[in-house]
Every structure is written in C-alpha cells, then in structure tokens.
Amino acid sequence: MKSFILLVVLGSTAAVANDTIRDGLKVLNNPAGTVNSIDCDPSKPWCQDLFKHACSIKKTQNKLGSLDRMVSDKYWRKLPAKPEKKLYNNTAMEAISTAEKNVFSMGKVNKAEVDQLFFDAKAVLLQAVGNDPAIPIIRRANLQKNLSAVKLLTGLDYIKDLEEWARKQDPKMNADDRRHGAIQMYTSTCGANGLEVNAFYENGNIVLCPGLIYSLEDYGPKSKDEILNALSFTIGHELSHSIEPETFPDVYSKFGLCFTETTKNSKFWNSETAGELSGDYWGAKVLASRIRVQGVRGGNTARTVGLSIDGFCSETSGRNSPQPSTAFRVNNSIARTPEIRESLGCGSLSVDAPACTLAGAIPK
Amino acid sequence: MAGTSINIVHPRRPSLQKDIYKADCAEICEIETFSIETKKWSAKNDQLEIKIKELISLHEQGFIPRTGPLKKHQILYSVEASDDGKKVDITLGYPKSYAGTEFSKYATLIHLVEEIKRMMKFEIGEK
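In order, the protein sequence lines correspond to chains D and R. Read in numbering that gives the first Met the number 0, the first sequence has 287 at position 288, and its numbers run on one by one without any break. Read in numbering that gives the first Met the number 0, the second sequence has 31 at position 32, and its numbers run on one by one without any break.
These aren't lab readings, by the way, just hints derived from the structure by calculation. Among the hints, a few may not be true.
Stated by the list, open to error - Straight-line Cα separation of at most 30 Å, DSS-like style, residue types lysine-lysine; simulated pairs:
(1) R/Lys-71 / D/Lys-266
(2) D/Lys-159 / R/Lys-120
(3) R/Lys-95 / R/Lys-43
(4) D/Lys-81 / R/Lys-70
(5) R/Lys-71 / D/Lys-77
(6) D/Lys-263 / R/Lys-104
(7) D/Lys-77 / D/Lys-159
(8) R/Lys-43 / D/Lys-150
(9) R/Lys-71 / D/Lys-51
(10) R/Lys-17 / D/Lys-150
(11) R/Lys-104 / D/Lys-171
(12) D/Lys-58 / R/Lys-17
(13) R/Lys-43 / D/Lys-62
Claimed, not checked - Label pairs and their in silico Cβ distance ranges:
(14) D/Ala-140 / R/Thr-107: 54 to 62 Å
(15) D/Pro-79 / R/Thr-37: 43 to 51 Å
(16) R/Gln-46 / D/Gly-219: 50 to 58 Å
(17) D/Glu-260 / R/Gln-46: 49 to 57 Å
(18) D/Lys-144 / R/Asp-45: 24 to 32 Å
A virtual CB, placed ideally from N, CA and C, is assigned to each residue, including glycine.
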C-alpha cells in the first residue's frame, strides 16, 4: 500500500513538473496569451499593488550620503565664498571625477559593466523594434537608426561635449565662462558632485548621474545583477526618448488608445503622458529580458522592480505631482507588462485591466 | 523690500518627481524646498530678494533665452517669479535647445537659477 501511494505521489509530482515545463515553454513563445493560464496566489502583496509593495522596500544604509559628504568636504569646503571661475571650474571637475571614480570602485558595479548594460539594452530594443509585428515595417529602420545613434556619457564626457557645442554656438564666449556654464548645466541635474539620483536624455545622449547608480547600493543588493537589472529599466526608459510617440505617432497609436480606453479618459494620452508611458514600456522590456534569462521570479522580481523605481516613491505635493502618477505607471503599465507579470507570478490580466502594448490591449 | 516670490520646479528622471524651490518674501521669506523630502522655514534674507529681482530684470531687458516647443522630457526647469506685480514665467530646456547667442543668455540664466537654489539649500539655513 505504501509503495502504491509513493508511486502515485511520484507520478503526480512528475506530471506537475511536466505541466510546469510545458507552461514555461509556452510562456517563452507567447507570454501574453499564456499568462492568463498561470495560477497565482492572490495573497502575494505585489500582485495586489506592486507600487505599494515596491515602495515598501527601503534603503538600509546611506552610502550615497556619506560619499557626497566626503567629496564635498574634500573639495567644496575649502573653496572661498565667491571663488573666481577658473578655481570653481577646476574644483567642480575634480569633485565630479572623484565622485564617479568612487562610485565605480566602491560599488558593486564598475563602469565597464554599466557600458555593457547600455549596449545590451540597446540590442534588446533594436531586436524588439525589428521583430514587433505591431510596428509598421516602414518605421522600423528609422526607429532602429535613432536607437543605434544614442550614446551613454559620463558627467565629464557630457561637460566636455557641451563645451565644444557651446564654442560653436558662441565663439566669442570666454573659455572659463563656457566651462562654467557647461558644469552648471550638468550639476543642475546631477548635483555639485554628480551624486543626485537622476538621469537625462538630451539630443541623442544619455547621462546617468553616478548618484543614480550608487543610490542602489543603499538597498543592500545581494548581487551586482540586482543593481544592473534596476539600471536596465532606467536605461531602457531613457533610450526610448529617441523613439518617442511625438516623433512616431503611428507606432504608438494603439498603445495610446489602450490607455485612453482603460482610463476612460479621452485626454489621458497626451504630450505630457505619452513620452513617459512609452518610456516605461520599453524600460520594462529591457528589464524583463534580463530577469527572464536570470530566472528571477515572484518576490525577487517585485524587489527588482522596487530598485528600478528608486526615486518614484517620494511624497509629492498637490499641483506639482507628476502626470501620470508614479503609482499608475507602476501598477497599470509596468506590472501589466506580460513578461514582468509572468515573472511576478501574478494572476490573469483581464479586459478591464489589460496590458497596453503596441498592438493594443492584451487581452482584447 | 517686499512682495517678491519665486517657484523653481525641476523634474527628476525617470521618476518625474519634482524638486521644488519656493520662496515668498515680504518682511521675511517663507521658504519651502522639496528634494526627496519637504523642508519649510522662515528667514530674513535680503540677498535672496535681490537675486529674484535680478531674474525679473533679466526678463525686462530681454535677456531670457527664447525657448521653442519642448517635450516633457526636455524640460529642465520651470521658473515662476514675481516682484511687486511684475511676473515672469519661464520654461527652460536642456542646453542644446539653445542655439547661437541664445546659449549665452541661457548660461547666464542657469547660473542665476542655480545661485538661487544654492542659497535656499545651503546659505539660508533652516531655523
């Protein structure tokens, strides 16, 4: 009798394993269609409200603050109250350079790994654009051309690039004034030492402030992949500004319509929301490509999303709240990306709460 | 000096959370900053009012750079300032949106905005 029961248990286990393998293979081939058939434990908090869960993941230390103070003490405290421009410029360049070197030597990831991450993210998007049947064939070459041209710059690269550009714009401008202006433009976004949690896309260049990278250390990441995965979302998002809805409206028409219909707000898809929602769409694609290969699932995926949205969770006040809201972006866009949803192990999407893709709503 | 105010809004990316530097000055300045967390305090500071007036003066003299249409991710700052009824409302993009001699005006304006931010962050201490 015991042997019989053992055989039944073993047989059931094998059947479940086979079913799991079959479902897994189907997901690889058709993630959007199969995700509806994967059972999910409704008690998984990230499935109920991914934004709330992701924002509950807190930083456990303040390495970023310590580094910022160290660099400021080393360079800025010694500066006189109203320094002459050359001295200010030299101080700023040294501070920015030191901060960046420390980020890449004291942190889990180095510059070469971030550069490779950027290269890989671009490759993912180039392939996605080339293979997506929802993208008109006549558009693919231009999308790919724009993506291919994007460069990732360090702070110092950006300052020097801007100086050269400024020299061509106004050759009469004094060199110290030119450098001063370029430094101020960089530090206005990335902070005096480049350690603000921020990034930007400008005219085919992406700059990740080193603070954005080092901030992730404060979550106590278990591996460098945790950091690289989180950064991959930001890189994908910023890359997408080279292929925006305003430039390629026909590519995103069904995507935008999906949001209009699901929010029941005919004005929801507009110049304010479109660029960010499309950015999150492509950012999620890049993130999903990495976590799928690594086999990241469930709570670990939710944690990865939490690190990816570092900075999304701060309190905002009234009229200065971003549109669309960060909660909407996470719960209605990122969480519903079919590949991310499968990795989270959450339940079926529905026609009332679909994923918005370039092909429109999934499921329809 | 009385009746000056400034509101500088600077969206972070990709979160779009907005850093805010706000001051309303009459006898004293009511200052509010938001950068990850909110801080509010009062301080008497003539220098801040002088800088706000300087910004208004730049506008009156035509030294604000011309900004064409900007997509949302191209906005670096929104700045609203007022001084005794005179108002200025400026949206600034990233540097390469400003060609030719507009770039010099842009550099001057960024320097002034950054100076005002620095004053609010570091020089006019929280009381």
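**OP:** Return the numbers of the hints above that this structure violates; sort them in rising order.
**Re:** 3, 4, 5, 6, 8, 13, 14, 15, 16, 18
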